[in-house]
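S.K.: Modelling step: build the complete structure from the supplied sequences, incorporating the hints.
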Amino acid sequence: MPRGLAAALLAPLLLLLGLGFLAPLLALLATAVRDPELAATLPGTRAELVAWDGQGLPGEGAFAALARESTAALADRRLGPLTARLNFSEPGLRAALLRVARAGGRLSAPFADSVPALDQRWADPATWQALAAARGPLTSLYLLRALDLTPGAAGIEAVPADLALFRELFARTLWVSLLVTLACILLAYPLAALIAGLRPPWSGIVTAMVLVPFWSSVLVRSTAWFALLAREGPVNEALLAAGLIAEPLQMLGTRAAVLVATIHVLLPVAVLPLLAVMLRLDPRLPRAAASLGAGPWLRFWRIWLPLTLPGVAAGGALVFLLAIGFYITPALLGGERDQLIAWFIAQFLNRDVNWGMAAALSVWLLALAGAVLALAGLLAGDAWRARR
Amino acid sequence: MPWLILATGPILAFLLAPLLAALVMSLAPTETLTLAPASLSLRWYAEFFTNPRWIQATINSLIVGGGATLVATLLGTAAAIGLHFGRFPARGLLLSILTLPVVTPFIVTGAALFFAFSAVGLSGSLVGLVLGHSVIASPFVVVTVLAALQGQDANLLRAAASLGASPLLALRRVVLPLIAPGVAAGAVFAFATSLDEFIISLFLAGPGQFTLPRQMYATVREYTTPTILAAATLLVALSILFVLATEALRRRAA
Numbered sequence: 065m066p067r068g069l070a071a072a073l074l075a076p077l078l079l080l081l082g083l084g085f086l087a088p089l090l091a092l093l094a095t096a097v098r099d100p101e102l103a104a105t106l107p108g109t110r111a112e113l114v115a116w117d118g119q120g121l122p123g124e125g126a127f128a129a130l131a132r133e134s135t136a137a138l139a140d141r142r143l144g145p146l147t148a149r150l151n152f153s154e155p156g157l158r159a160a161l162l163r164v165a166r167a168g169g170r171l172s173a174p175f176a177d178s179v180p181a182l183d184q185r186w187a188d189p190a191t192w193q194a195l196a197a198a199r200g201p202l203t204s205l206y207l208l209r210a211l212d213l214t215p216g217a218a219g220i221e222a223v224p225a226d227l228a229l230f231r232e233l234f235a236r237t238l239w240v241s242l243l244v245t246l247a248c249i250l251l252a253y254p255l256a257a258l259i260a261g262l263r264p265p266w267s268g269i270v271t272a273m274v275l276v277p278f279w280s281s282v283l284v285r286s287t288a289w290f291a292l293l294a295r296e297g298p299v300n301e302a303l304l305a306a307g308l309i310a311e312p313l314q315m316l317g318t319r320a321a322v323l324v325a326t327i328h329v330l331l332p333v334a335v336l337p338l339l340a341v342m343l344r345l346d347p348r349l350p351r352a353a354a355s356l357g358a359g360p361w362l363r364f365w366r367i368w369l370p371l372t373l374p375g376v377a378a379g380g381a382l383v384f385l386l387a388i389g390f391y392i393t394p395a396l397l398g399g400e401r402d403q404l405i406a407w408f409i410a411q412f413l414n415r416d417v418n419w420g421m422a423a424a425l426s427v428w429l430l431a432l433a434g435a436v437l438a439l440a441g442l443l444a445g446d447a448w449r450a451r452r
Numbered sequence: 042m043p044w045l046i047l048a049t050g051p052i053l054a055f056l057l058a059p060l061l062a063a064l065v066m067s068l069a070p071t072e073t074l075t076l077a078p079a080s081l082s083l084r085w086y087a088e089f090f091t092n093p094r095w096i097q098a099t100i101n102s103l104i105v106g107g108g109a110t111l112v113a114t115l116l117g118t119a120a121a122i123g124l125h126f127g128r129f130p131a132r133g134l135l136l137s138i139l140t141l142p143v144v145t146p147f148i149v150t151g152a153a154l155f156f157a158f159s160a161v162g163l164s165g166s167l168v169g170l171v172l173g174h175s176v177i178a179s180p181f182v183v184v185t186v187l188a189a190l191q192g193q194d195a196n197l198l199r200a201a202a203s204l205g206a207s208p209l210l211a212l213r214r215v216v217l218p219l220i221a222p223g224v225a226a227g228a229v230f231a232f233a234t235s236l237d238e239f240i241i242s243l244f245l246a247g248p249g250q251f252t253l254p255r256q257m258y259a260t261v262r263e264y265t266t267p268t269i270l271a272a273a274t275l276l277v278a279l280s281i282l283f284v285l286a287t288e289a290l291r292r293r294a295a
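In order, the protein sequences belong to chains L and Z. Throughout the first sequence, residue numbering follows our numbering, covering 65 to 452 in sequence. Throughout the second sequence, residue numbering follows our numbering, covering 42 to 295 in sequence.
Hints should not be assumed to be uniformly reliable.
[Stated by the list, open to error] Here are some chain Z residues the structure puts well away from chain L; computed CB gaps all over 10 angstroms:
hint	residue
1	62
2	70
3	84
4	90
5	92
6	99
7	108
8	191
9	203
10	205
11	219
12	247
13	250
[Said to hold, decoys possible] Computed footprint of chain Z on chain L, listed as stretches where at least three residues anywhere in the stretch have a Cβ under 8 angstroms from a Cβ of chain Z:
hint	stretch
14	91 to 97
15	125 to 138
16	271 to 277
17	357 to 370
Derived from the structure by calculation, the hints contain no laboratory data. All residues carry an ideal CB built from backbone N, CA and C; glycine is no exception.
M.R.: Listed below in structure tokens is the structure:
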């Protein structure tokens, strides 16, 4: 086939992915480091602060620009994004700025006196430094905050303990994903081995038993668990009837519910790569080992396991990759303390309208996913090499 | 083997029990969620097929799923053919780019599309949803069709050319009929992916544009009625159809 025709066939999908996936992804990455609000809302004040040496208080020009521009921005209802941005990096700065903006034209020169008279915080160099820190165009604020760090006066500092949230969130996400991955591999391995060892039609029937859940929507399966574990649901009903418990257990909103349902949802994903590897395994190898006197354990340990390790790596990587981005199942079955990174991204996007933080968490999640892929590639590569 | 069957029995039960439980609970005559209903009734299925919100969600899911399947299958098949026959030096890199949406966490894709589509006025529209679902569904088509192409005799195209067929004619009359089962399997995959997709719909669907998963999520948190389980059971029945369809297509291709 002429290469021109091949390229023309390839082009439409590349265009779709370029415009509908790669460009949005790059824009998202850019959002994590962009800091446009001050420049857009108070350009004159920003210019004064860029010229300021950061020592003591800025000059009269900065005070005057602040009073003039904030008043105008408030009148045009353009101040919201900036106050949200400032209050995120420096709690209280919103109130200080709003005071000046609401004073309107009532302030008079010299503004270096009248503005601090309105709100004492403007006499504090720290307030001005916090404002100057938002000058952009780029910021490390969001990426650092997503790791519970903050750009301080003396370099990068840890945020106060009451604001710290995200390191625990990442640790929780990794821990839950790790548990889910281990459980899925442990459950999927014998299941795949069973299917690989069965003859038709049984192999087909058991495969279908794995494939039907696999093709069913994640939400369908999470909903089934939601109903099963509900306070008035069948599990409680059965336990009560059996006399094992005196009153219904609270199972929804617990970590255990999230784990069980997530394992259930992702188990078929682990079975399929394992099955693919096991079906390719030469059945003469274990037989040869047996004829040489190797018992079942030795055969498993020296033949089966090394030869199926690429499947373990592929299945494990897939499950882990899906688990670290999981949203629905924890959102439905977990409590506030069981939510993973994805839930916080959605919260920042929909509820808090803090796009910088949503983007920064996405960046770190993406980095994590990339690391998992690279690691799996290495493991699988090693396993393949060992096989040769 | 017997010990393996013994060990895997509980695992299979764990996989299937929630789906069967949803089926039983959806057949209850009352609102109670129970595994031992006094009698069986199709009341909640009737509710599913008559409630305007569920009807709208079903229609939306079919529109979005159909649109995304069409786009992903057309573009994905063309791209797979181009990639297979193009002998590009950067073939591996191209394939990685084409399959990138699969390894990107959906929440990240959803957030990125939310930013971008809000900026160009595509959020809160079914067109945006179709585009988003096409993006995440197309890699499945590419991979399935590539696998089908790799199973074909590479000389067929040359034979067609030697008989005077232009490359396009050879594609239409020789390659496409041979890989048709693979293309169909890719389309099933794409449709199932769109039907399952939740996060992009969460961000991009405006009011009245809820898809089935979105509608289930909205209802299950308010008030769990067996209607949701009826919807879930219908979707499981659909996935049984998907399994049968892909299996039949696999046999035809073999």
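S.K.: State for each hint whether it applies.
M.R.: Hint check:
1. Consistency note on residue 62 of chain Z: stated as away from chain L, yet its beta-carbon is not over 10 angstroms from all of that chain's, at 6 angstroms minimum.
2. With a cut of 10 angstroms on Cβ distances, residue 70 of chain Z stays outside the contact zone with chain L, its closest approach being about 15 angstroms.
3. Distance check on residue 84 of chain Z: its Cβ is at least 16 angstroms (rounded) from any Cβ of chain L, clearing the 10 angstroms threshold; non-interface status holds.
4. For residue 90 of chain Z, the non-interface assignment is confirmed: its Cβ lies about 17 angstroms from the closest Cβ of chain L, beyond the 10 angstroms cut-off.
5. Every beta carbon of chain L lies more than 10 angstroms from that of residue 92 of chain Z, the smallest distance being close to 16 angstroms; the non-interface claim holds.
6. No beta-carbon of chain L comes within 10 angstroms of the beta-carbon of residue 99 of chain Z; the shortest separation is about 13 angstroms.
7. Look at residue 108 of chain Z: its CB is around 13 angstroms from the nearest CB on chain L, clear of 10 angstroms, so calling it non-interface holds up.
8. Even its closest Cβ contact with chain L, about 15 angstroms, leaves residue 191 of chain Z beyond 10 angstroms, as expected for a residue assigned away from the interface.
9. With a least beta-carbon separation of about 14 angstroms from chain L, residue 203 of chain Z lies farther than 10 angstroms from that chain, consistent with its non-interface assignment.
10. The beta carbon of residue 205 of chain Z sits about 16 angstroms from the closest Cβ of chain L, which is more than 10 angstroms, so the claim that it is off the interface holds.
11. A cut-off of 10 angstroms between C-beta atoms confirms that residue 219 of chain Z is not in contact with chain L; the least separation is 15 angstroms.
12. Once the 10 angstroms rule is applied to beta carbons, residue 247 of chain Z is consistent with being away from chain L; the minimum gap is 13 angstroms.
13. Every C-beta of chain L lies more than 10 angstroms from that of residue 250 of chain Z, the closest at about 15 angstroms, which supports listing it as non-interface.
14. Counting residues of the stretch 91 to 97 of chain L whose beta-carbon sits less than 8 angstroms from any beta-carbon of chain Z gives 3, enough to reach three: the coverage restraint holds.
15. A count of 0 residues in the stretch 125 to 138 of chain L with a Cβ less than 8 angstroms from any Cβ of chain Z is obtained; the coverage claim is therefore unmet, three being the minimum.
16. Coverage of the stretch 271 to 277 of chain L by chain Z holds in this model, with 6 residues showing a Cβ closer than 8 angstroms to a Cβ of that chain against a need of three.
17. Restraint check on the stretch 357 to 370 of chain L versus chain Z: 0 residues with Cβ-Cβ distances below 8 angstroms, three needed, restraint violated.
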